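> Given the structure of chain A, go ahead and fit chain B onto it with the hints provided.
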Amino acid sequence: MLYVAVATRSFRRYSTYVAATLAGIFTNSVFGVIICFVYTAVWQQNPDAGGYDVTDALTYAWIGQALIVTVAIWGGGATDEVAARIRTGDVAIDLYRPVSLLGWYLSADLGRAAYHLLTRGVAPTIVGALLFDLRAPAGPVAWLLFLVAVTLAVVVSFGLRMLVACSTFWLMDDTGVKNLAAVLAMFLSGLVVPLVLFPGWSRDLAMALPWSSFLQVPADIWLGRRAGTDALAALAFQAGWALVLLGACAAVIARARHKVVVQGG
Amino acid sequence: MADRLLWGLRAYLLLSWMWIRVSLTYRTSFAMLTLGQLLVTGLDFLGIVVMFSAVDALGGFSLPEVAFLYGGAGVCLGLADLLLGNIERLGQKIRLGTFDAMMVRPVPLYAQMCSDEFALRRLGRITQAAVVLAWSILTLDLDWTPAKVLAVPYLVVFGTAIFVAFFTLGAAFQFWTTDGSEAANAFTYGGNTLAQYPLTIYPLEAVKALTFLVPLAFVNWYPSLFVLGRADPLGLPRAMQFAAPVAALVLAAVAAVAWRGGVRRYRSTGS
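So the sequence lines, in the order shown, correspond to chains A and B. Mapping of the first sequence onto this note's numbering: residues 1 to 265, in sequence order. Mapping of the second sequence onto this note's numbering: residues 1 to 271, in sequence order.
Pulled out of the complex, with its shape left as it was, chain A reads as follows (with noise of 0.2 Å):
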């Protein structure tokens, strides 16, 4: 099929960095040990902060560090490609083609993604089991799911970062709107601290938003903090997300083909 070709391709083509691939993997490393160091201080003080033990929180600052460039916390991936691609005018292109633009930009991020966890995910996730005590997935069920909600973590993050991409058919420089994006997405995914530690009804609400879909939710999986049905409730909430966002896409897409004016040559 035409989406897995592309996929396959963007796998490829991510796969030439190996230099880019190894700096990330150290520098993730390096983020993941300081994290640790934190997140002990912090348990050590207050043994079960937010419902987690020591080895929940240490665990969670790798799966952390796992899904930034695979989930793309703080943006980049195939909509970087989009928003060039309008600026420059080459979206026309796009726009005429024969394929869903949608379809084409999240199968290229989905390869992406493939690349990146097997990567930037697994290698720091074993320099961090080599360092510290963490906890695995109870089984292969919890593995499975674990993977089904980081697919879907990907997908409900490409929703966000495309609509933020297609903000340039009006801004004609997305650059302030992707930075205020990744700054949201940063702090409401859970990357900085996890959602558990917000306090009262900050920690319900960034439970429900689509952020918490890109690390809360697949930690808790791979945690079993949240297992059986609990668990396809989480994977629920991010498909319903995932849903909301590629039809907001769509909608503006739609919009946006009668801004485009194709210059004859």
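Because the hints were derived from the structure by calculation, they are not lab data. Some hints could be false.
[Said to hold, decoys possible] With the C-beta cut set under 8 Å, the calculated list includes, among others, these residues of chain B facing chain A:
(1) G36
(2) V50
(3) A54
(4) D56
(5) G59
(6) G180
(7) E182
(8) N185
(9) I201
[As the list claims (entries may be wrong)] Computed, partial: chain A to chain B, Cβ under 8 Å:
(10) A19
(11) A20
(12) G24
(13) Q45
(14) P47
(15) A49
(16) G51
(17) V54
(18) L171
(19) T175
(20) V177
(21) M186
(22) V192
(23) L197
(24) P199
If you're wondering where the values come from, they're calculated on a predicted model, not measured in any experiment. Glycine is no exception: its CB is placed at the ideal position from the N, C-alpha and C atoms.
This is chain B only, laid out in the frame that chain A set:
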């Protein structure tokens, strides 16, 4: 030598000014970028506040004390990032061949690289860190002596110098691996994250490594110990708290050698 330095500085200022004018062309975008920079670090500190909703102290330090460390490190990193943050794009420039264009211009390469796409929006990050630093100073009940007052600008100047050296080293590294720019982030942004917290939360071996090997402890830890009136967990002589200029000089020398070596070794990618 002095002439060349002055010429480099002048070129740096002129080029930076040009980029400031460029960035002000798209005003909406500029405003959002600056606000974004302010928020990015702001939420970062909010994360620490959230942690303190679960605990009273981290590594024996209270929230205002951690805020002092956080603000100090943030201002230093922010200033270094403002002065030459885009130097980390060296690898990209090499790949695209635009670095070659810089080599034929009669302006020192380092001045060109540092000023390239000079981003005034980074004032957002500096402002945020400075606000946190000011809040901690107002909240903490410190008995100020003239030496302690002077220790604050001292911290900012030499902390910035140390980060400038790390940015330069990270860039020089890209002469060898053109797409490995992210490794440098471990030392610059990673160093900043590390220095935001009291070093007492790290193992003693790590603190030693951060003092003698990768001297990030001199950015804000030792000067802060002095200002906050805290004992040094390593029990090193008091002189260590004032050794930041030595660390900055040594690092700057290493960075200069690495940069020169990189430029000399450079072969165009031919694109």
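> All hints, please: hold or fail.
Going through the hints against the structure:
1. G36: holds (3 Å)
2. V50: holds (5 Å)
3. A54: Where the cut-off is 8 Å and the nearest Cβ of chain A is about 4 Å from A54 of chain B, the hint holds.
4. D56: Nearest chain A Cβ about 7 Å off; hint holds.
5. G59: Hint on G59 of chain B: holds, closest Cβ of chain A at ~5 Å, below 8 Å.
6. G180: holds (4 Å)
7. E182: holds (4 Å)
8. N185: holds (5 Å)
9. I201: This hint holds: I201 of chain B lies near chain A, its Cβ roughly 4 Å from the closest one there, short of 8 Å.
10. A19: Because about 4 Å separates A19 of chain A from the closest Cβ in chain B, which is inside the 8 Å limit, the hint holds.
11. A20: holds (4 Å)
12. G24: With a minimum Cβ separation of about 5 Å from chain B (threshold 8 Å), the hint on G24 of chain A holds.
13. Q45: Check passed: Cβ of Q45 of chain A comes within 4 Å of chain B, closer than 8 Å.
14. P47: violated (10 Å)
15. A49: At 4 Å from the nearest chain B Cβ, A49 of chain A passes the 8 Å test, so the hint holds.
16. G51: With a minimum Cβ separation of about 11 Å from chain B (threshold 8 Å), the hint on G51 of chain A is violated.
17. V54: violated (13 Å)
18. L171: Holds, because the Cβ-Cβ distance from L171 of chain A to chain B comes to roughly 7 Å (cut-off 8 Å).
19. T175: Result: holds, 6 Å to nearest chain B Cβ.
20. V177: holds (7 Å)
21. M186: holds (7 Å)
22. V192: With a minimum Cβ separation of about 4 Å from chain B (threshold 8 Å), the hint on V192 of chain A holds.
23. L197: holds (5 Å)
24. P199: At 5 Å from the nearest chain B Cβ, P199 of chain A passes the 8 Å test, so the hint holds.
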